[in-house]
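Peer 1: Build out the structure end to end from the sequences listed, making use of the hints.
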Amino acid sequence: MKPERAWLGVVSAEHARIAVQQYFIQLNHGKRHNVARLRRGDGFVIYSPTERFGDTTPLRAFTALGLVADAEPYLAEPMSMGSHGTVRPWRRRVDFLAVQPVPLRELELELTRQPNWGYQLRRGLVSLPVEDFEALQAVMTVGDRSRGTSRSG
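First residue of the sequence shown? That's 0 in numbering that gives the first Met the number 0, and the numbers climb one at a time after it.
Bear in mind the hints are in silico, worked out from the structure with no lab data behind them. Treat the hints with care, since some could be wrong.
Stated by the list, open to error - Restraint-style ranges between C-beta atoms, simulated for each label pair:
| # | residue 1 | residue 2 | range |
| --- | --- | --- | --- |
| 1 | Met-80 | Lys-1 | 34 to 42 Å |
| 2 | Phe-52 | Gln-99 | 19 to 27 Å |
| 3 | Pro-77 | Ser-126 | 25 to 33 Å |
| 4 | Gly-81 | Arg-112 | 17 to 25 Å |
| 5 | Lys-1 | Asp-54 | 33 to 41 Å |
| 6 | Val-101 | Gln-21 | 19 to 27 Å |
| 7 | Pro-77 | Asn-115 | 35 to 43 Å |
| 8 | Ser-82 | Arg-112 | 33 to 41 Å |
| 9 | Ser-82 | Val-141 | 34 to 42 Å |
| 10 | Met-80 | Glu-3 | 31 to 39 Å |
Unchecked claim - Listed below are the simulated EDC-like cross-link pairs for lysine to aspartate or glutamate, each with C-alpha atoms no more than 20 Å apart in a straight line:
| # | residue 1 | residue 2 |
| --- | --- | --- |
| 11 | Lys-1 | Glu-130 |
| 12 | Lys-1 | Glu-133 |
| 13 | Lys-30 | Asp-69 |
| 14 | Lys-1 | Glu-76 |
| 15 | Lys-30 | Glu-71 |
| 16 | Lys-30 | Glu-76 |
| 17 | Lys-1 | Asp-69 |
| 18 | Lys-1 | Glu-109 |
The structure displayed is predicted, hence computed values, not measured ones. Don't be surprised by glycine CBs; every beta carbon is placed ideally from N, CA and C.
Peer 2: Given below as structure tokens:
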């Protein structure tokens, strides 16, 4: 799988597991802006700085990888976002591959060669070189099986 474009989303590992199980991605506490930048077929990688949102112990691992499967963002059912209150988040469907997490320190990527590269992660979504997506796919993929196609609905 070689997408034309690829993205890196910043999500805790706990939330990444939920996203993979339910075939969606949600960024920036459910705001529409970043998920609207994605196009069907774009590569998408989740980077998890921590295990849980709000943790201070660093994880710094790539935890999920797949392809954007829908053409437009959709509004999910209202959900509690803790201190952010109840929101109706914007999401995108993603066909995630079966992958294993890989620590950042084990990889050399074009993205991380940039000075102060980590600062841009604060935005929640950053453009990722397609070559980095392919490198991550090669080291993260478990076997040749994908998680299947996204669910419609």
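Peer 1: None of the hints should be skipped; say for each whether it holds.
Peer 2: Verification of the supplied hints:
no.	hint	in the structure
1	Met-80 with Lys-1: 34 to 42 Å	holds, 35 Å
2	Phe-52 with Gln-99: 19 to 27 Å	holds, 22 Å
3	Pro-77 with Ser-126: 25 to 33 Å	holds, 31 Å
4	Gly-81 with Arg-112: 17 to 25 Å	violated, 35 Å
5	Lys-1 with Asp-54: 33 to 41 Å	holds, 34 Å
6	Val-101 with Gln-21: 19 to 27 Å	holds, 22 Å
7	Pro-77 with Asn-115: 35 to 43 Å	holds, 37 Å
8	Ser-82 with Arg-112: 33 to 41 Å	holds, 36 Å
9	Ser-82 with Val-141: 34 to 42 Å	holds, 36 Å
10	Met-80 with Glu-3: 31 to 39 Å	holds, 32 Å
11	Lys-1 with Glu-130	holds, 9 Å
12	Lys-1 with Glu-133	holds, 7 Å
13	Lys-30 with Asp-69	holds, 17 Å
14	Lys-1 with Glu-76	violated, 32 Å
15	Lys-30 with Glu-71	holds, 14 Å
16	Lys-30 with Glu-76	holds, 14 Å
17	Lys-1 with Asp-69	holds, 17 Å
18	Lys-1 with Glu-109	holds, 17 Å
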